[in-house]
Amino acid sequence: MEVVLELTDVVKRFGENEVLSGVSLSLHRHEVVCLIGASGSGKSTLLRCANLLETIDAGSISLFGQCLEDERIDPDLVRRHIGMVFQSFNLFPHLSVLDNILIGPVHALKRRKSEARDDALALLDRIGLTDRAHDYPDRLSGGQQQRVAIVRSLAMRPALLLLDEVTSALDPTLVGEVLDLLTDLAHQGTTMLIATHEMNFARDVAKQVVYLDAGVLVEQGTPEEIFTNPQHESTRSFLERVR
Amino acid sequence: MSLTTDEGSSPTPPLLFASRRRRLLVGRRGVIASALSSVVILGVIVAVFWLAPGGATVRYFFFNPHLMWQAFVGNPRRGLSSVGWGLVTNLWMFVVSEVLVLIFGLVIAWVRLSQSPVLFPFRVLATMYTDVFRGVPILLVIFMVGFGLPELNIGFLSTQSPAVYGCAALTITYSAYVAEVYRAGVFSVAHGQLLAARSLGLTHTATMRRVILPQAVRTVIPPLLNDLISLQKDTALVSVLGVIEATRAAQIYGSTVFNFSGYTVAAILFLLLTIPMTRFTDHLVARDRTRRLAGV
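Chains as they are written, first to last, in the numbering used here: chain A, 1 to 243; chain Z, 1001 to 1296.
These are calculated hints, taken from the structure and not from any lab test. Bear in mind the structure is a predicted one, so any value in this text is a computation, not a measurement. There may be inaccurate statements among the hints.
As the list claims (entries may be wrong) - Residues of chain A clear of chain Z, computed beta-carbon distances all greater than 10 Å:
#1 E6
#2 S62
#3 I127
#4 G189
#5 N200
#6 K207
Unchecked claim - Facing chain Z, a subset of chain A residues (Cβ under 10 Å, in silico):
#7 I73
#8 D76
#9 L77
#10 H81
#11 G83
#12 L91
#13 V218
Note that CB positions come from ideal geometry on N, CA and C, so glycine has one too.
Make a model of the complete structure from these sequences and hints.
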C-alpha cells in the first residue's frame, strides 16, 4: 500500500522544552493510525507539524514522497491535501453551517460555488444535518458542531485527515455520534491519523496504535499488541490509568 | 476545621432578609432614591455656580442668552463670524477626515499584519509611521502640514486651503491610532480560527479577509467610534491655521464684543454632535455584551 505521510526522526522544541524527540511514523493509504498517550505527550504537536502549522527542528516529514522541509513546498497546497479537525471545533461563527463547509472549496480550491454547494449539501445529508445548513454554528450542539467540522475538512477531498482529540471537549452523551461518524469514515477507507483518549474506539478502528510518552514514541503495533500485550512498562501503566 | 457543610451546627436556620437600611433602596423606593439624589446633586452644582462670589460675572460673560444667540447667527455687517456656520466647517472636515482615516488606517494595519517578504520595507515604514504619529502632539502635526507643505512649492500639494491641510493633518494622526485599533481587533479573534482557516489551505490574505476581519469588526466598532468622537472634537484645532470654524468664530466674536458666550455656544454645538455618537457607542457596547452573555 502506498505511503501517504511519513515522519522520520522528527524533533520539535518549544524553547528549551523538547516536545517531540525523534518520532518516526508512516501512514499508508486507507489506513487509520491512532496516537495515544497522556496530555502533553506530543500528540497534538505531531499533528500540527504534519500540516505545517508548526515547523520542526530536526528530522523530516514527507507527504506523497515529497519532503515538506523543501523550500519549494507551498504550505497552502500541502494543507489543501490534509484535513484537520480540532478539539474545540473552530467553526467560523460568522458563517452559516453551509458557508463553513463551502469556504475551503470556494476560496482555497476556487471551485464554482454552485457545484461546491451540491457537494456540501450531500455531505450535510450524510451527517443528517441538511435542515441546519443555514443555521449558525452556535445554534448547534457540540456533537453537531464537531460533525460539521469533520465534514468541512472532507469537503476539500483531502488525502488524509488529522484529528486532534476531537471528542475531548464534548459532553459524554455527544461523544458517540462523533465516534460513529469517524468509524463510518474508517470503514470507507479514509486515511486518518487520530490523536485520541478513547481507547475502545482506537481498538475498533485503528490498524496501528502508537503510544507516545513525553515526546518519545515508546511503542507501536496493532491494537491487539498494544492493548492486550503491551511490551513496555510505561505503556502498561498508562493503559491501566485510562481504563 | 472539618471538610463538611455547616448543617446542624445551629438550631435555627439562617435569616435571608435584607437589612432595614438596604431595603430602603430596592424596588419603587430605589426609583425615589435615585430621583432624590439626582435633584440634590444637580441642585448643589447649580447653587455653587449661582452663589459663587463671581457667579454673576461668569453668568454675564459665558451665559448671556442674547449674546449667545448673536454669536450663533453671527453679524456680517459688524464683521462677526457665525459660530453656527463655523460648525459646518468642522462638520465637513470631520466627515472627510473620518472616511480617509477609516480607509488609510485599514491599509496601514493590513501592511503591518502582512507576511509577504516583498512588503517588508512597507512593514517597517508602517511601524515607524504608527510609532511617530501616535507620539507627536496633533497640534504640531497640524502646524507642520499647514505651514510646511505650502512652503515646499510642489504644485497642487502646496496650493490647498488651510482647511484641507487641517484634514490632512487629522487624517495622518488619526490613521495611526485607528490602525492600532484594527490590529488589536485582529489579535482579539481566537487563535483557533486562524489555525482552522490555514489548515483548510486558505492563504494568509484569504484568511484575513474571509475569517479574521469579519470577526474583528465586531470588537473594533466601539473603540473605533471612540476615536471618531475624539476626531470630531479635534477639528477645532485646525483653527490654528486660520480656518474659521466654530471655536475660531467664537474667539473672533469674543474678542470683538468682549464676551465669552460664543465659546459656550461652540461647546453646546460640539456636544450636540458628539452626544448622539457617544450614546450610539454605548448602545453597541451594551448590545454586544448582552449577546455575548446570551452566547449568541
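Hint by hint, here is what the structure shows:
| no. | hint | result |
| --- | --- | --- |
| 1 | E6 | holds, 19 Å |
| 2 | S62 | holds, 18 Å |
| 3 | I127 | holds, 18 Å |
| 4 | G189 | holds, 22 Å |
| 5 | N200 | holds, 28 Å |
| 6 | K207 | holds, 24 Å |
| 7 | I73 | violated, 13 Å |
| 8 | D76 | holds, 5 Å |
| 9 | L77 | holds, 7 Å |
| 10 | H81 | holds, 8 Å |
| 11 | G83 | holds, 8 Å |
| 12 | L91 | holds, 8 Å |
| 13 | V218 | violated, 28 Å |
Checked against the numbered hints given earlier, this structure breaks hints 7, 13; the rest are met.
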